[in-house]
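Peer 1: Taken in order, these protein sequences are the chains called R and A.
Here our numbering is used: the first residue of the first sequence is 1, the next is one more, and so on.
Here our numbering is used: the first residue of the second sequence is 1001, the next is one more, and so on.
Some hints here could point you the wrong way.
Claimed, not checked - Not the full set, but computed from the structure, chain R residues with beta-carbon under 10 Å of chain A:
hint, residue
1, Gln80
2, Ser82
3, Ser158
4, Asn159
5, Val160
6, Gln220
7, Met223
8, Asn278
9, Met279
10, Glu289
11, Ala290
12, Ala294
13, Pro377
14, Ser387
15, Ala427
In short, the hints are calculated from the structure, not lab data.
Virtual Cβ for every residue (Gly too), placed ideally from N, Cα, C.
Number of protein chains: 2
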Amino acid sequence: MSLLFSNATVLPMTAPKDGVPYFTGWVGVEANRVALVTASQAEADAFRRTHPDLREIDCRGRLVMPGLVNTHCHAAMTLQRSYADDIPLMTWLNDYIWPFESRQTPDDVALGMTLGIVELLLGGVTSFVDMYYFENRCVEVVEGLGIRAMLGCNYFDSNVDEVFPQIEEAVQLAAAGSGRVRIAVAPHSPYTVSPRNLERGKDLADRYGLHLTTHIAETQDEMRIVRERYGCTPVEHLDTLGLLDRRCIGAHCVHVGASDIGILASRGVTVSHNPQSNMKISSGVAPVEALRRAGALVTVATDGTCSNNDLDLWEELRTATFLQKSATGDPTALPAWEALRMATVNGARAMGYADGDLGVLREGALADLIVVDLQKPHLQPLHDVVSNLVYCGKAADVETVVVDGRIVVEERRVVGVDLPDLYGRVAAAVRRITTGK
Amino acid sequence: MSLLFSNATVLPMTAPKDGVPYFTGWVGVEANRVALVTASQAEADAFRRTHPDLREIDCRGRLVMPGLVNTHCHAAMTLQRSYADDIPLMTWLNDYIWPFESRQTPDDVALGMTLGIVELLLGGVTSFVDMYYFENRCVEVVEGLGIRAMLGCNYFDSNVDEVFPQIEEAVQLAAAGSGRVRIAVAPHSPYTVSPRNLERGKDLADRYGLHLTTHIAETQDEMRIVRERYGCTPVEHLDTLGLLDRRCIGAHCVHVGASDIGILASRGVTVSHNPQSNMKISSGVAPVEALRRAGALVTVATDGTCSNNDLDLWEELRTATFLQKSATGDPTALPAWEALRMATVNGARAMGYADGDLGVLREGALADLIVVDLQKPHLQPLHDVVSNLVYCGKAADVETVVVDGRIVVEERRVVGVDLPDLYGRVAAAVRRITTGK
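Turn these sequences into a full structure, and let the hints guide you.
Peer 2: Below is the structure:
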């Protein structure tokens, strides 16, 4: 079926014309591609004539834009949302997170992933990069819910030999599917995975043409450990091992100096900035403005729900701009438009899509788009729609979500998901995991 | 009419019993007061019998808690939301804000106030402290929409003689009304109002038993100006003039050292912390944890929509905790429970209500309460409801709002407000103000 979004405020996230990046017009979808982006009534009429099976959606008072891209997530950790907050890191890990995770089955992870994807979709996220275990089990979940994902199979030294076969299985499952799922190799970090196992991961990634994603320079503790062990920074360490290139997504990159920034930019590494997580865990402030000036590809992400505690990319967007303005002392730092580009255009590039193929609305691009209701008190008046979106836009303003040409959220309902049933299964799983009953 | 909220998760914001601050139960309202807070089915049945006019609202899967209190706002500035972002301060003021404000009529301010109050109510804010001009015109708006407010009449040296009569008029209007409106004297700041006019404001406040609210120590520029002019800090300056006491609400208090903190705490001044505004305008980070340790009364607020850009107190709550955790390097700083107290119990005290009279659910308290829908993906599972609310709660999760015993928001609709009509009038006003047409 073809789709036509009519009379919308269209924000294609392509280069602004005459300084204004949006216009009133139409967006057409044919199969899984955008087939029309126009301000012309005549072109819209022609599209209607040539697409007799068309479903037309009136978007008066609404905005159509590319879906958001979340480049670092542990979506299945929704099961641990608000399980243990406001306590010191080692207590958190030893007494809560690790015991919880040790009792999770692959089915639990698939359930947590389901809840996470439902939350992501309802907030307008159409693509995400994940990093967790049992991701092979999650290919099916992603296929079923209709989101686009890069599933990063996380490993430590202790389980590398279990995870590598899962990666190969996941690659086969993804290849047999819709094309919406990509797989990534995800060593946990340079301080928890040995040089040998980092290199093995990179070899595996290269063998299958996969991305590699890992946590980089998140905390001062990590800096100290890597310095003591390898005599260099995490960025230098990973670069020496050959892990840093255009198919590498580095989460956090908080503690990166000028030299590290130069390496990240010149290798084309994606920086996944997780501002709320960095603040909540007291990790520090990533030098996003310096990274952007150096030409690094900076994107934005939610991290998992243990450190945030939600998967709301709108809040991350504005926290990113607020945090840079606060940390640099410059109220013009990271303007709204650039923050929105981080969450669309840059995110799509990070996931390996060619420029113009995802993250923008242009004819020929993959049809991942969202409809945002502008008829909300907090989005009125409409002096500047981009500022309104970035500084005031809420997950709950997203009305309709299309991924790969298919409507997956309509009138704020995720197609095919029975929420009360899902909440019941989640409650039962967390009860079993935390109490054994 | 009496109200009974049944089968709810009740979060009264009173001292937790056995470490858990909420329970499943009932909340009854009679006239404008809370008349029942109980976990006992028998007591709920008795309340039903003695209140035959009862309207019962089933709150299964929902939470009932006190309404939020926003202690610093310029609600009418909604008209300027996203009018001028990401530009330097002086350009912002000279080229945008001041010209805009010079063309606003009292009716425009009342219209902006209406939009602001609608947004506040939909986000679960039942009381707010405002600071703007033509507040005398806004008493009627507050009365009509049913929110509780303290309207601070803002003045500079240039217009003090116009504003003082407006304050006296506003006091009379408020006295003739519902009791929900209080008036405050609001000198703009210690660097824009002379010592003489600050003292005159304090005299006027004392004459009528009013609160006084002002911006204090917001920016480094202010610190420099006050230091050059008076040889001291803004806090010391205001203290010398006799403005600091339990009826003073100081917005921002970003640049306050140990001595200033001691003064604020010992005088009983309310600190209104505006984290998103402070970040977006690059003002600095208020030492909230130090203020709390010193025993100061710290509350939380949105500021106006020019510097935020919305009136979402849920986002301010969590930004407050994130910012303290980030700035202090301590992930246990400003825990969720304390942040929620800032937005309820402390806010009510700041507005001059006796402890237990507002900001908590207890029998006899004023009936300002909200119903939050917990059946949302981002609020599941329910390991810790307080963490979920503070770290994941959204304005859009607020379903029902009661102020002074009256339902003012139901099923996310503000009673008596035609939103499309309001948006149309707002659009027409901003068009006239910005283009003259």
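Peer 1: Quick one, is the valine 160 of chain R hint okay against chain A at 10 Å, beta carbons?
Peer 2: 29 Å, violated
Peer 1: Does the interface hint hold: is asparagine 278 of chain R within less than 10 Å of chain A, judged Cβ to Cβ?
Peer 2: 7 Å, holds
Peer 1: Should the interface hint for asparagine 159 of chain R be scored as holding, given a Cβ-Cβ cut-off of 10 Å against chain A?
Peer 2: With a closest approach of 26 Å, the asparagine 159 of chain R hint is violated.
Peer 1: Interface hint check: alanine 294 of chain R, Cβ to nearest Cβ on chain A, cutoff 10 Å. Holds or violated?
Peer 2: Constraint on alanine 294 of chain R not satisfied, violated at 21 Å.
Peer 1: Checking hints one by one. Is glutamate 289 of chain R an interface residue toward chain A, by the C-beta closer than 10 Å rule?
Peer 2: 12 Å, violated
Peer 1: Interface hint check: serine 158 of chain R, Cβ to nearest Cβ on chain A, cutoff 10 Å. Holds or violated?
Peer 2: Cβ of serine 158 of chain R sits 26 Å from chain A, so the hint is violated.
Peer 1: Answer holds if the nearest beta-carbon of chain A is closer than 10 Å to that of proline 377 of chain R; otherwise answer violated.
Peer 2: With a closest approach of 4 Å, the proline 377 of chain R hint holds.
Peer 1: Closer than 10 Å between Cβ atoms is the bar; does methionine 223 of chain R clear it against chain A? Give me holds or violated.
Peer 2: 14 Å, violated
Peer 1: Hint validation: alanine 427 of chain R versus chain A, beta carbon distance must be below 10 Å. Holds or violated?
Peer 2: For alanine 427 of chain R, the interface hint holds, since the closest Cβ of chain A sits about 6 Å away, which is under 10 Å.
Peer 1: Let's test the interface hint: is any C-beta of chain A closer than 10 Å to that of methionine 279 of chain R?
Peer 2: Holds - the Cβ of methionine 279 of chain R comes within 10 Å of chain A, reaching about 4 Å at its closest.
Peer 1: Does serine 82 of chain R hold up as a contact with chain A if the rule is Cβ-Cβ below 10 Å?
Peer 2: 4 Å, holds
Peer 1: Would the hint on serine 387 of chain R be counted as holding, given a Cβ-Cβ threshold of 10 Å to chain A?
Peer 2: 4 Å, holds
Of the numbered hints listed earlier, those contradicted by the structure are 3, 4, 5, 7, 10, 11 and 12.
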